[in-house]
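Q: From just these sequences and the hints, can you work out the full model?
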Amino acid sequence: MKELWKLKYSDIKKGLNSGEFTPTDLIQSLIARIEAEDSKIKAFLSWEKENIVQAAAESTERRKSGKPLSEFDGIPIGVKDNICIENTITSCASKILENYRSPFHATAIEKLLAKGFVLIPRANMDEFAMGSSTENSAYQVTKNPFDTARIPGGSSGGSAAAVAASFVPVALGSDTGGSVRQPASLCGIYGLKPTYGTVSRYGLVAYASSLDQIGPLSKDIDGIIDVYSVISGKDQRDATSKNIPAFDPSKVKELPWKGLKIGKMKITPEIEPDVAKAYESLLAELESKGAQLVDLDFSLLSNSIPIYYIIATAECSSNLSRFDGIRFGQRKDPSGKLEDLYVTSRSEGFGKEVQRRILLGTFSLSAGYYDAYYGRAQKARILIKKEYEGYFSKVDLILQPTSPTTAFKVGEKTSDPIQMYKADILTTSVNLAGVPAMSVPIGKDSNGLPIGLQITAPALHEDKIFGFAKMISDWASKVELPETIK
Amino acid sequence: MNLNEESLQKIAELSRLKIDPKDIQNFLTDFNKVLNYVDTITELNVSSVSDEDLYPNEGNSLRVDKAHEGLSRSQIESFAPSFQNGYFVVPKVIET
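Protein chains in written order, with full-length UniProt numbering: chain A, 1 to 486; chain B, 1 to 96.
No lab work stands behind these hints: they were computed from the structure.
Fair warning: there could be bad hints in the mix.
As the list claims (entries may be wrong) - Calculated lysine to any residue pairs in the SDA-like style (CA-CA distance at most 25 Å, straight line): (1) A:K242 / B:D53; (2) B:K33 / A:G259; (3) A:K6 / A:N17; (4) A:K332 / B:S78; (5) A:K332 / B:E13; (6) A:K40 / A:I52; (7) A:K234 / B:A67; (8) A:K332 / B:K22; (9) A:K385 / A:Y374; (10) A:K264 / A:D295; (11) A:K242 / B:G59; (12) A:K332 / B:L8; (13) A:K394 / A:D297.
Claimed, not checked - Derived DEER-like restraints, expressed as beta-carbon distance ranges: (14) A:E20 / B:R73: 45 to 51 Å; (15) B:V64 / A:E20: 43 to 49 Å; (16) B:D51 / A:P269: 36 to 42 Å; (17) B:D20 / A:N243: 47 to 53 Å; (18) B:E13 / A:N243: 41 to 47 Å.
Unchecked claim - Covered stretches of chain B (in silico footprint by chain A; criterion: 3 or more residues with CB under 8 Å from a CB of chain A, positions within the stretch not fixed): (19) 33-39; (20) 42-50; (21) 64-77.
Yeah, the Cβ is synthetic: ideal placement off N, Cα and C, and Gly gets one too.
A: Written out as structure tokens, the structure is:
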């Protein structure tokens with residue numbers, strides 16, 4: 001069998017549309033790859049092989065009869081375990097939802113199925129999307145395909161690792177404070193956090209509703225553009241969905257180098273020397289091509305993580321109150337008092353990090369502390385939004401490293417929540433402001449671990465991000481994905 | 001600020017969570033670390049933010065008032081952990 005699993009997204013799309021291979025050929029190659037290698041990576045919690053083979057066979061049949069649903073018919077896509085697929089377990093990598101089978105599809109899933117994508121659930125994640133390393137899953141720790149002693153990033157670490165290990169060409173994740181971009185950066189792939197409100201959150205299990213956004217991860221930029229164009233657009237079922245049409249890929253245009261204004265940041269002590277070097281050499285290259293670099297003052301953004309944790313945990317304590325053993329979640333201690341049922345179901349069902357965040361949220365929303373914490377954080381969030389508006393009055397795009405470090409070792413930061421939270425230090429402000437940002441691979445450190453660049457644009461300007469990413473992908477250092485997993 | 005054990009237990013009660021007594025010290029240490037970290041925002045000057053900034057008048061997002069097909073009873077039954085005679089079965093929730 002040809003090793004089709006090695007192909008990038010764009011080559012897969014080309015091969016399927018030219019008839020070079022069928023969706024069934026492709027899925028068989030990917031299944032063989034997953035079966036041989038996922039025991040080292042643990043990207044998937046479970047995957048229903050029969051359903052996947054069946055979906056690929058149906059797609060093959062449609063293509064043979066000349067009636068594909070779209071140019072994407074038969075393309076496999078990994079799905080994070082917090083995005084609902086009808087009649088499939090959606091556990092959010094939590095014990096409390098161990099047996100939860102969704103009775104409906106998320107809107108993003110409906111849209112992908114309508115175009116013929118073949119779904120590959122259930123990518124592992126940090127429980128309820130809370131974490132930066134995919135070590136907080138209740139079931140397993142996912143490993144980085146570049147080095148299995150290291151984490152893939154989180155919380156969409158299963159989706160990112162599955163793409164980087166060539167189990168799937170593209171996957172869906174969700175990004176609340178950096179959960180698509182940070183693992184994309186640490187796994188050497190592309191990952192987009194779209195403008196808030198452009199992708200429906202209907203069917204995405206809510207963590208922090210004002211920040212969460214579904215986003216694609218891919219081996220190449222074309223996968224990001226295609227999937228975003230399919231899943232974006234107004235959805236009546238999500239009141240926060242913007243009243244604009246789906247993204248039109250023909251809007252992606254290369255930008256002129258000359259006069260292109262790029263906002264850059266000063267290197268801070270948190271940023272590892274190899275990451276700083278890759279970032280600065282890319283900036284120098286941009287300048288030599290005629291782009292104009294503008295120093296931006298990011299000092300206000302240093303407050304982003306505290307603001308983020310107050311807002312996100314307040315929303316999480318509210319959103320996760322529905323998991324009470326009655327409405328959702330495993331029911332424990334049903335014969336005693338009602339109060340005991342709630343407390344036992346939740347205490348046994350939620351992991352430690354989830355409990356810690358619920359407690360912090362309850363604290364900041366409680367009488368006596370509301371004004372000092374939650375109320376103040378909401379106001380501070382407005383300052384962050386205004387700060388971004390100020391930046392974008394001076395520059396076209398902002399470039400930063402996506403993560404201050406490359407992939408760290410499994411267990412290295414688990415004992416210190418603050419160190420773990422700081423893994424998202426460069427990504428959280430983007431969610432607070434609601435603007436789009438994407439991580440693209442730009443090189444490797446001295447250990448051979450990938451380094452990512454975060455490209456941020458004004459709201460609804462994903463086209464600029466994509467155009468710029470295409471421009472630099474021709475000459476920025478290529479990051480080859482590992483064929484052999486060690 | 002730092003929370004003491006009593007306050008933490010109160011918050012746990014409000015959250016409908018029970019912290020295992022053997023974990024309480026670790027939880028308290030971690031919780032206070034996080035609290036001290038997020039405490040920095042209490043020093044931020046947010047006086048320039050107005051109520052209009054916080055609650056912009058963007059109007060409500062309303063769906064068309066049109067009936068559409070929902071889940072069938074058999075679908076609902078197949079997803080419910082316990083379902084009898086057209087009702088979800090839950091433990092007794094009204095205490096007398």
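Q: Does the structure break any of the earlier hints, and which numbers would those be?
A: Of the numbered hints, just 2 does not hold.
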